[in-house]
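Enquirer: My request is simple: use the sequences and hints to build the entire structure.
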Amino acid sequence: MLMLSNSRRSIAVLLGSMRRDRMGDRAARLVIDELERRGHDVHLVDPLELQLPLLDQMYKEHPAGEAPENLERLADLYRSADGFLVVSGEYNHGIPPALKNLLDHFLEEYFWRPSGIICYSAGGFGGVRAAMQLRMTLAELGMPSVPSLLPIPRIAEAISAEGVASDITVRSMNRFLDEFLWYADALAEARIGGTPY
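In this note's numbering, the protein residues as written are 30 to 226.
Because the hints were derived from the structure by calculation, they are not lab data. As the structure is a computational prediction, the values presented were derived from the model and not from experiment. This list has only true hints and no planted wrong ones.
What follows is a list of derived Cβ distance ranges for each label pair:
{"#": "1", "residue 1": "G171", "residue 2": "N99", "range": "16 to 26 Å"}
{"#": "2", "residue 1": "R164", "residue 2": "L73", "range": "19 to 29 Å"}
{"#": "3", "residue 1": "Q162", "residue 2": "M87", "range": "19 to 29 Å"}
{"#": "4", "residue 1": "S109", "residue 2": "P225", "range": "15 to 25 Å"}
{"#": "5", "residue 1": "S109", "residue 2": "D207", "range": "14 to 24 Å"}
{"#": "6", "residue 1": "G153", "residue 2": "R200", "range": "12 to 22 Å"}
{"#": "7", "residue 1": "G222", "residue 2": "H122", "range": "35 to 45 Å"}
Ideal placement from N, C-alpha and C gives every residue a C-beta, glycine not left out.
Expert: Structure follows, in structure tokens:
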């Protein structure tokens, strides 16, 4: 029997698209609203707002105190996060370029925290082909994804422009968030005792 977390957690939600008609913001808003309803601190990381350049220097490659301000803010946020939810569409069966660029600016700031993948598509597969690639990337970045995914097929129908989600989407989201928060609690507790390096 799953014991739901009573701890207030800080969760970063990374939105993976910059396209004009993107739908990922619907999925991001849905999970943000639910996490806030549960009493957690949630921070949306939107590449459209950040306008990060194509990766030339990672955050850690800048001399101390000389990284661009938006990278410094993200580094502070990531260090304080207990977990990362990654909202990804599927572009040609792969990870959206804006998401890959957003992820690759950092490394150590992600370590020892879980990630959860929320994937979506206009069609029936719900973005799972991109999610499989994303799992490898997130593990390499030190924030392995929890076993379950939250795939949202036919996102325009599953979540309305007003944020109203289908019953099956809401049920799936709540099971997924229960699992993700269990991992966030477990790893937060483990970090108190130190990490391997």
